[in-house]
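Asker: Whenever a hint applies, use it, and build me the whole structure from the sequences.
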Amino acid sequence: MSFLVVLTVSLLAHHTTAASCNSEDEKALLAFKDADQDRSKLLTTWSPQSSCCEWSGIKCDGASGRVSELKLESLGLTGTLSPELGSLSHLRTLNVHGNSMDGPIPSTFGKLLRLEVLDLGTNFFSGALPASLAQLASTLQTLDLSGYRFEGPFPSVIGKLTSLRKLILERADASAGSIPSFLASLENLTILNLQGSWFTGSIPSSLSKLKNLQTLDLSDGLRLTGSIPAFLGGLQNLEYLDLSGTKFSGSIPPSLGNLPKLRFLDISNTLVSSSIPVEIGKLTSLETLRISGTKAAGRIPDTLGNLKKLKVLELSQNAGMRGPIPSSFGQLSSLEELSVSSTGLTGQIPSSLGQLSRLVKLDVTSNSLSGSIPESLGLLSSLEVFWASENLLSGRVPEGFARGLKNLTVLQLSMNNLTGLPTNMAKLVNLNAVYLDNNDIRSFDAISGLATLPELSTISLSRCKLQGPIPSWFANLNLKQQPLGSSCLIDLSFNSITGTIPAALGRNSNLTNLFLQSNKLQGKLPDSFGKTLPRLTYSDFSSNFLTGVPADLSNLGKGVLYSLGLEHNNLSFQALEGLTTLSQVSFLTLDHSHLTGAIPSWFSKIRMIQDDSDSVAVLRLSSNIITGRIPPELGQLTQVTGLYLDDNAIAGEIPRSLANLTSLQRMNLAQNRLTGKIPVEFLALKRLRYLNVSHNQLTGAIPDGAPLSTMDPENFAGNPGLCGKPLSPCPTKP
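Sequence positions in the sequence shown follow mature numbering (1 follows the signal peptide of the UniProt record, and there is no 0) and run -18 to -1, 1 to 716.
Hints may contain errors.
[Stated by the list, open to error] Straight-line Cα separation of at most 20 Å, DMTMM-like style, residue types lysine to aspartate or glutamate; simulated pairs:
#1 K707 <-> D694
#2 K447 <-> E372
#3 K191 <-> E221
#4 K191 <-> D202
#5 K15 <-> E36
#6 K291 <-> E269
#7 K290 <-> E357
#8 K513 <-> E559
#9 K243 <-> E221
#10 K229 <-> E152
#11 K388 <-> E357
#12 K409 <-> E366
#13 K264 <-> D202
#14 K23 <-> E36
#15 K668 <-> D596
#16 K193 <-> D155
#17 K388 <-> E319
#18 K540 <-> D593
#19 K707 <-> E696
#20 K148 <-> E98
#21 K447 <-> D427
#22 K53 <-> E98
#23 K659 <-> E615
#24 K193 <-> E221
#25 K9 <-> E36
#26 K142 <-> E98
#27 K506 <-> D427
#28 K388 <-> D427
#29 K243 <-> E169
#30 K502 <-> D422
#31 K93 <-> D155
#32 K388 <-> E372
#33 K277 <-> E261
#34 K290 <-> E221
#35 K229 <-> D155
#36 K715 <-> D694
#37 K93 <-> E169
#38 K290 <-> E269
#39 K293 <-> E318
#40 K53 <-> D84
Just so you know, the hints here were simulated from the structure itself, not pulled from any lab data. For clarity, every value in this text was computed on a predicted model and none was experimentally measured.
Answerer: Structure (structure tokens):
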């Protein structure tokens, strides 16, 4: 019975608290509401018809019924902080982080004598901080002024807030000078975040007094200079130290190895130029170490292998480094990411890396690593990406490499001296992208293991010295469809592949990118290309011995085809009429393809469509043996932005209908046998930036006015009968 009495009294007390609201608090909150605009409509609950303790973002103290918390984060609020908020005398937390508010901090905030958290970060507040904030010295523990725009000297009042534990001035505009030494008086600070702020100069030595500091973030301080001070090694409680993106130079102080609690250290993108101190290997609590994009030199110390808790190790883009990858890295049992790309490393990939059972990413790109790929890497059961391009690796990828990499998705081995892949890659059940371009493969037989990959979607074999015809197993690769926006690619460009293009290759319905340029392929594109490649977006068949296209291309890149490269082949207009069946194309190149005779009128039926991403539609017929006249029907290609008919034997007058190409930006008709005048209608081509009609037989006055009269005179040269701007004035009649 006594329990029910207590419960009833408790519920009544709670109901009373929720139902009541201090009138002064309500008045202050409604004044704040009136001073702001609320795109989220959250403040619509703020109505005198209900208790302010029930309003969204408001919390009241259970004992006094007074407002204790005002939390309105990321609500799209605009407006200012009303001075009336200073009357919320029981307020402990004021948080309007991540809105679009502006103006100064009211001086009345100095009356908030119970305030513990003041978070005004990521707004547009500006102005001097009121001196009255010093009255909060005994209570305020968190001050977030991220993005604040200070006026005048950095406010000394912050140095008086001696109870502060967290001071966050991320991206604050403190252009008035250096990091103030009076911050050293904030001896209770555990977090000092000055990321992206505009402080200048070096780190003041007075900060050595901040013995309780756990987080020091000076990253992206582009005006911070000088050396990394040795006294940082005396901040024994430091767990997070980020100095990246600054202009700190000189050596990395060995004293940093004296920080037993340090979990995160980032010195990337600075001007430090020393070797990595061996003492860094004493940071046994370290989980993330980043020293990338610096001038660091010398060898990577073996002692880094002592960092058993390390999960991320990034030492990339340090061109001054030398020597091998330490074999001690095999002891980093917690490592998930290892990146040593562009670091001037030599020697072999150590086989000990095969012990890193948690490794997800391994990047050794752009070094001078040599020898074969260790078979032990096949033990990395967690590995998802392996990047080793731009090295001197040689030999065949060993059979054991494929035995245990069940999570591998990307294999990047481009620009090495590799000769082949394992014959059975079926256990690589998640591998979808293989990059082998610029290797010494030579034979399709050396990469036949690709046929066993169940999830392959991208294969790049450009410049691999491949010879002979495309084998049936390759043509029948069943590429898997990738998520919307991802590519499905075959690249066999710049090899010595012969024979015809297999019809089976055109039945790869998921293909988005197909590059076969610069080979020795013959015949026409297979009929299957026009029927079963609906997703094809980028294609290049240039620089071969191809003779034509299928009569039906209606399903080739249906609604998505951007580029179709056919230049430098042995084409004829008769064998190209199938182009009129394309649903669309934005970039069609037929240059240097031995085309003869007149341009057929059916060219006007090709659906040249401007691409959404770059608003380009280009038709190129340059450097052929085209004769006859320019068909007036080309004026129907109204979306064309670039038309190139130069270096042919085209005769007759320039059709006036080309003035209908209102999207035209560039047109080249040079080095033909054109006669007559330049149509005056071209003055209506307001987007035209380049017109070249040089070396023809044109006569008369160049139409006077932009854009023609402002072009380079060389674009009209070689036409003795032309005159007027930008050439010499036309002779006046007597």
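Asker: Can you give the numbers of the hints that this structure goes against, from lowest to highest?
Answerer: 4, 7, 13, 16, 27, 28, 31, 32, 36 and 37
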